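Peer 1: Start from the sequences and build out the full structure, keeping to the hints where you can.
Those protein sequence lines, which keep their order, are chains A and B.
Start counting the first sequence at 21; every next residue gets the next number (this note's numbering).
Start counting the second sequence at 171; every next residue gets the next number (this note's numbering).
Everything labelled a hint here was simulated from the structure, so no lab data went into it.
Owing to the predicted nature of the structure, the values given are computational and were not obtained by experimental measurement.
Some hints could be false.
[What the hints assert, rightly or not] Heads up, simulated DSSO-like pairs for lysine-lysine below, C-alpha to C-alpha not over 27 angstroms straight-line:
(1) B:175 with B:208
(2) B:241 with B:277
(3) A:31 with B:208
(4) B:208 with B:238
(5) A:77 with B:175
(6) B:277 with A:31
(7) A:77 with B:224
(8) B:226 with B:238
(9) B:238 with B:277
(10) B:241 with B:226
(11) B:208 with A:77
(12) B:208 with B:224
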Amino acid sequence: DTGVSQNPRHKITKRGQNVTFRCDPISEHNRLYWYRQTLGQGPEFLTYFQNEAQLEKSRLLSDRFSAERPKGSFSTLEIQRTEQGDSAMYLCASSLGPNSPLHFGNGTRLTVT
Amino acid sequence: DQQVKQNSPSLSVQEGRISILNCDYTNSMFDYFLWYKKYPAEGPTFLISISSIKDKNEDGRFTVFLNKSAKHLSLHIVPSQPGDSAVYFCAAMGYSGGGADGLTFGKGTHLIIQP
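Peer 2: Right, dumping it as structure tokens:
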């Protein structure tokens, strides 16, 4: 399967801990996106990369969140000092370029206790 | 303020009939629209898209219609099948000449196909 891969699928952590998620996009896709989805809502845009450059960040992305795509391939999303409000599904997507469909992974479900 | 609205949280349709899912948007800069389907515990799956230069796009049982003047799009599924039961998200993107805003999603419509 050469789709978007996300790890881990589930993460339970205590408030105040740091967590890191990984995303491996479709190999020929140079754009990579991070979204967050909570119950009853559609996915909300967090940030995106064109190759290794982070080109846009949503105001939803507080200072506790940081994303990297060091070699333009896989990406990591780190949340520092987690809060209960960070509990959500974190989705990664990739695309070939502008005005191309985004292809999503199955997400990482974060629960902060 | 929601820029993409799906006003029906759920829709129930009999198997074999037509399912029509609606979506309204407010941002006139949106010029590329997509529909995604989502099963529980999975990520959204791309279904079909339409550029603002078109008013219709068809792919098998799925057709998307775009009415730019009304800022409205709809997804038609004909005939509806039990496997179509899922949450459907409408999404929109605005092309800003080199930059690319992320997709803006609606809240979704839960489609239930009744046997």
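Peer 1: Hint by hint, say whether it matches the structure.
Peer 2: Here's how the hints hold up against the structure:
Taking the CA atoms of residue 175 (chain B) and residue 208 (chain B), the gap is near 17 angstroms; set against the 27 angstroms cutoff, the hint holds. Between residue 241 (chain B) and residue 277 (chain B) the alpha-carbon distance is near 17 angstroms, which keeps this suggested pair within the 27 angstroms criterion. At most 27 angstroms may separate the alpha-carbon atoms for a hinted pair to count; residue 31 (chain A) and residue 208 (chain B) meet this at roughly 21 angstroms. For the given pair, residue 208 (chain B) sits about 26 angstroms from residue 238 (chain B) by alpha-carbon distance, which is consistent with the 27 angstroms threshold.
Using a Cα cut-off of 27 angstroms, the hinted pair residue 77 (chain A) and residue 175 (chain B) holds, with the two alpha carbons roughly 23 angstroms apart. Distance hint between residue 277 (chain B) and residue 31 (chain A) is fulfilled; the C-alpha atoms sit about 24 angstroms from each other, no more than 27 angstroms. For the suggested pair residue 77 (chain A) and residue 224 (chain B), the alpha carbons sit about 30 angstroms apart, so the restraint of at most 27 angstroms is broken. As the CA atoms of residue 226 (chain B) and residue 238 (chain B) are separated by approximately 11 angstroms, the hinted pair is consistent with the 27 angstroms bound.
Of the supplied pair hints, the one linking residue 238 (chain B) and residue 277 (chain B) holds, its CA atoms being roughly 21 angstroms apart against a limit of 27 angstroms. Under the criterion of a C-alpha separation no larger than 27 angstroms, the hint pairing residue 241 (chain B) with residue 226 (chain B) is consistent with the structure, at around 14 angstroms. Restraint check for residue 208 (chain B) and residue 77 (chain A): satisfied, since their Cα atoms lie roughly 25 angstroms apart, inside the 27 angstroms limit. Of the pairs offered as hints, the one joining residue 208 (chain B) and residue 224 (chain B) holds, with about 25 angstroms between alpha carbons and a cut-off of 27 angstroms not exceeded.
Of the numbered hints listed earlier, the single one contradicted by the structure is hint 7.
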